[in-house]
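Protein chains in written order, with the numbering used here: chain A, 193 to 437; chain B, -14 to 381.
Think of the hints as simulated: they come from the structure by calculation, not from any bench.
Any given hint might turn out to be false.
Listing some non-contacts, in silico: residues in chain A with all C-beta distances to chain B over 10 angstroms [as the list claims (entries may be wrong)]:
#1 231
#2 277
#3 377
#4 392
#5 400
#6 409
#7 418
No farther apart than 16 angstroms at their CA atoms in a straight line, the calculated lysine to aspartate or glutamate pairs in the EDC-like style are these [unchecked claim]:
#8 A:356 / A:324
#9 B:371 / A:374
#10 A:262 / B:345
#11 B:371 / A:412
#12 A:272 / A:324
#13 A:356 / A:412
#14 B:291 / B:264
Ideal Cβ positions, reconstructed from N, Cα and C, are used throughout, including at glycine.
One-letter residues, chain by chain:
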Amino acid sequence: MLVLVSGEGATDMGRCVASDACFGDGFEAGPMACLVDQIAECSLGYSFLPLGLMHFVSKSRVSEVARGLKPPSLAGRKRKQETAYFFRNARALGRLSQELADDSGDEVVAVLFRDADRTRSAARDEWRDKRDSMLEGFAFEGFDHGVPMVPNPKSEAWLLCALKRVQPYRHCERLELESGNDDAPASLKAQLAEALGEAPNAEGLAELVRSGRVDANLIDMPSFIAFKSRLQACLCSGQTGVLGA
Amino acid sequence: MLLRRIEVDNFKSLDGFDLELSRFTCLIGLNGSGKSTVLQAVDFLARLFRGNISGWLAQRQWKVGDLGSKLLRKSNIDFVIVLVEGATEIRWEGTFNRVSMRCTQESVTLGGLVVLRVDEGRLAMGLTPWDGAPDARSMTGKIGFDYQGSILSQLKDEVLPTIILAFRTFMRQTKSLDLLAPQYLRQRTRDSGGELGLSGERLSAFLHELSTEQRQLLEQQLRRCYPQLTRIHTSSLRSGWKQLEIGEVFGDRKVLSEARHVNDGMLRLMAILSEILTDDQFLLFDEIENGINAELVEFLLDMLVKSKQQVLVTTHSPMILNYLDDEVARAGVQYLYKTPQGFTRSVPFFSIPSVSEKLEVMGPGEALVDTNLGHLYEEILTMQAKTPEQTDARPR
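Take these sequences, add in the hints, and give me the full structure.
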């Protein structure tokens, strides 16, 4: 089984050293990719990253595929506003995952990372609409093993839950109510920097996940639990061929 | 020549308002955001260079008191227009006095040098000789006559330097069809006076006065949308009324229909396409999508984007935006919104980060319809706080 991941940049899912798609040594895994790997290891008993089983595709490549998708998806009674971006990206990654599955002859689980909102705090139902629209996007392409990785409002909230100095892993749900805007007073990004004692960087954050300092088993936030449950279900079904709840 | 920028203070909801314009500009925004007001302001500006402001007000059934903002106590209306001709920037500034109905203060600046000024009832022109304008005339003195609008509405061609004459011509050849309505398009008229009315009135006479070549070109263009159309027929009736009829063929049957029986969309398209055939340099259309079925949107947009004129339209239609190339959309789609105080502001829609990101994966129209415009204000404020030099940085 392979995992295909895609994100927004180096500080979340990671980046390729030299191309749009990569795996193994060509992939510099970011903290979110390491979280995927940590959960996978717990669920299946082995790690994808060191074995070169985690593939990565860049945001620009996913966007390129998404742009060419027909038909257009217009908001209306059946589709809420502010969800098309998530729907189309999921459709694109669904297609790319299907291609990887065909080329490799292996089962593929796809994980698509997007912040729920980088401008403000997203209300709970807005976050759910975005996540659901990713699931619909994967389903639209007939791809069953798609996992939305949509932190509310952004990945710093998940990391901060583990890394905050006062009561780590406790009362983390309230972090989902904070603004995703980096320019907001005491933004999540600023809080994370304060907790770390330095500006966060991709390599440092990834190491904190790899070392277990950020423990996926202990993060109790609705957006994280939704991601983790879906990933675990897809990983198990990737092995058994049957997708659970 | 290209109208690059306008600034407006105290015209209806426009105060502290500025707008950057491209070759093709499309205004979007919620109802009541001020889109139509912008078209009216540009039309008013254009009228300043023709004079007869009273006539303009009468045409719109407005009073002079309707011009100013209801939210302010100011009386005068201030405008800035920036145009470019090649590498030269032409800047006109004017203060319109609602009592005297003229610009009591105005100036024209060329490449940073003032070349015309009106102040305290005096005109000074050719104050500074400037490079590349050997035809500058020098003139100074008290203005001894009454007029409405800009002093440029009154001066003869021969006293104006070439570039200012070109600027005035551009403004005079700015044409607004912001009230285009089928009931006016259907009317029989005697003569057009060389132009369509704001609502499309005088269409029958306007088409009657087209040259054969222009008429054939219009028929050709319309036939791309309505293959059954054979000809546009106009005739002069007794007492000079001009009648418009459309010839169509269905199978082997030929039908001639009078304008009052022709569908709204065809009449609107005919008015828009015939306007493109004129010498006008800047065309304004409100709610361009009205009456146009989806199959014709691409054709209409192509005609407007590729026309020789500069074009400003408003729309609510994602379909219109979806037929714009990304570069045209990024440069030309301006989002209008109101501040909590009720004043209209503009921002390039695809410069808003969350919207720009959507354009990476979907068409401009999909991005519009997917965006909750009611939530954008907060993001625009954040964006402006980050880049104050790009937005609303004009001194007040």
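> Which numbered hints turn out to be false for this structure?
Replying inline: As far as the earlier hints go, 2, 8, 11 are violated by this structure, in ascending order.
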